[in-house]
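S.K.: Just add 27 to wherever you are in the sequence shown, counting from 1, and you've got the numbering used here.
These are calculated hints, taken from the structure and not from any lab test. Treat each hint with caution, since some may be false.
Computed list of lysine to aspartate or glutamate pairs in EDC-like fashion (alpha-carbon distance at most 16 Å, straight line) [as the list claims (entries may be wrong)]: (1) LYS82 - GLU189; (2) LYS292 - GLU88; (3) LYS229 - GLU151; (4) LYS221 - GLU123; (5) LYS103 - ASP150; (6) LYS138 - ASP195; (7) LYS145 - GLU88; (8) LYS106 - GLU90; (9) LYS100 - GLU151; (10) LYS82 - ASP195; (11) LYS293 - ASP150; (12) LYS138 - GLU189; (13) LYS145 - GLU281; (14) LYS292 - ASP98.
DEER-style ranges, computed between Cβ atoms [stated by the list, open to error]: (15) THR279 - VAL223: 15 to 23 Å; (16) THR240 - ASP121: 16 to 24 Å; (17) THR107 - GLU151: 16 to 24 Å; (18) GLY209 - GLY117: 33 to 41 Å; (19) ASP116 - ALA87: 34 to 42 Å; (20) ALA295 - ALA86: 35 to 43 Å; (21) ASP121 - ALA87: 17 to 25 Å; (22) LYS100 - GLU123: 35 to 43 Å.
Just so it is clear, CB atoms sit at the ideal spot from N, CA and C, and this is done for glycine as well.
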Amino acid sequence: MRATAVRRTALAASAAALALLATACGGSSDADAKDGKDEKGAANGSSSAPKTPAKALTAAELETAALAQGDVKGTKITKTGPADEVPADGVKVDKEACLPVAHAMYGVAQKGALATTKRRVIDEPKTDSKKSLEDVAKGEGADAFKDAFNLTSTFVALHSYEGTAGPDAFTALKKAAVDCAGGFTATVAGTPTKVVSMAEEKITGGDEAVAWTVTSESDGATAPVKLVALRKGGSVATFFAFNLAAAGGDVTFELPTAVVAAQDKKLA
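With the hints as constraints, model all of the structure from the sequences given.
M.R.: Put into structure tokens, the structure is as follows:
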């Protein structure tokens, strides 16, 4: 594919996904299988929720459990700021059943949350990235574009819930992902994002974990993003990841498994 075509396709396809990251469906998990849950049970929103309420982490404990620089090799980890905050009532969807998914994308906590902390995890550029960016600017090839923008940015929201609110929120997200697998539209700050599909991915961790490839569409071009949810006791972490180069179709975009594993370890 010509470099100009790659850039045009990628930038158009990623517009909606970038909007999600700037302001800030379904399946079973391997953890469910270990607990004797089958795929049908997961699709119906079942959860391996504990019979007794889990102890909620305090704001200080949650902050300690959040990712910090050095926890994920080859990445830069920073705290998010006010510009990344989206209020729950600021997220609108055309299908009410899809609201838990939209909330997870924007890192919005569900009812019963006691504390929240958020991080942004971005891959460190390759040593030759500066040269690649210059090559892209000169239009010197699709490979230069791919190398320069093959970086994954992951928005991590970590919530501590009271009582059974954590497992309940996790279950609601799984059910919403099933109900909204065929797509929906989410609007934040007047900017709509059209999700055309949600496809299950495999992920493990915590007491239970689920993941999806979420495909968005803008101007007729599509772009994939990754959405992961991990529950450990009364804490729920969501991971929303995007890779610009993947929008061009020439890069295989994987789940942010290293980020998920690092967060799981700190919650253990």
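S.K.: Confirm or reject each hint.
M.R.: Going through the hints against the structure:
no. : hint                        : in the structure
1   : LYS82 - GLU189              : 7 Å, holds
2   : LYS292 - GLU88              : 14 Å, holds
3   : LYS229 - GLU151             : 25 Å, violated
4   : LYS221 - GLU123             : 15 Å, holds
5   : LYS103 - ASP150             : 6 Å, holds
6   : LYS138 - ASP195             : 9 Å, holds
7   : LYS145 - GLU88              : 14 Å, holds
8   : LYS106 - GLU90              : 10 Å, holds
9   : LYS100 - GLU151             : 9 Å, holds
10  : LYS82 - ASP195              : 14 Å, holds
11  : LYS293 - ASP150             : 20 Å, violated
12  : LYS138 - GLU189             : 9 Å, holds
13  : LYS145 - GLU281             : 22 Å, violated
14  : LYS292 - ASP98              : 10 Å, holds
15  : THR279 - VAL223: 15 to 23 Å : 20 Å, holds
16  : THR240 - ASP121: 16 to 24 Å : 21 Å, holds
17  : THR107 - GLU151: 16 to 24 Å : 18 Å, holds
18  : GLY209 - GLY117: 33 to 41 Å : 25 Å, violated
19  : ASP116 - ALA87: 34 to 42 Å  : 28 Å, violated
20  : ALA295 - ALA86: 35 to 43 Å  : 19 Å, violated
21  : ASP121 - ALA87: 17 to 25 Å  : 39 Å, violated
22  : LYS100 - GLU123: 35 to 43 Å : 41 Å, holds
Hint check: violations occur at hints 3, 11, 13, 18, 19, 20, 21; the rest are consistent with the structure.
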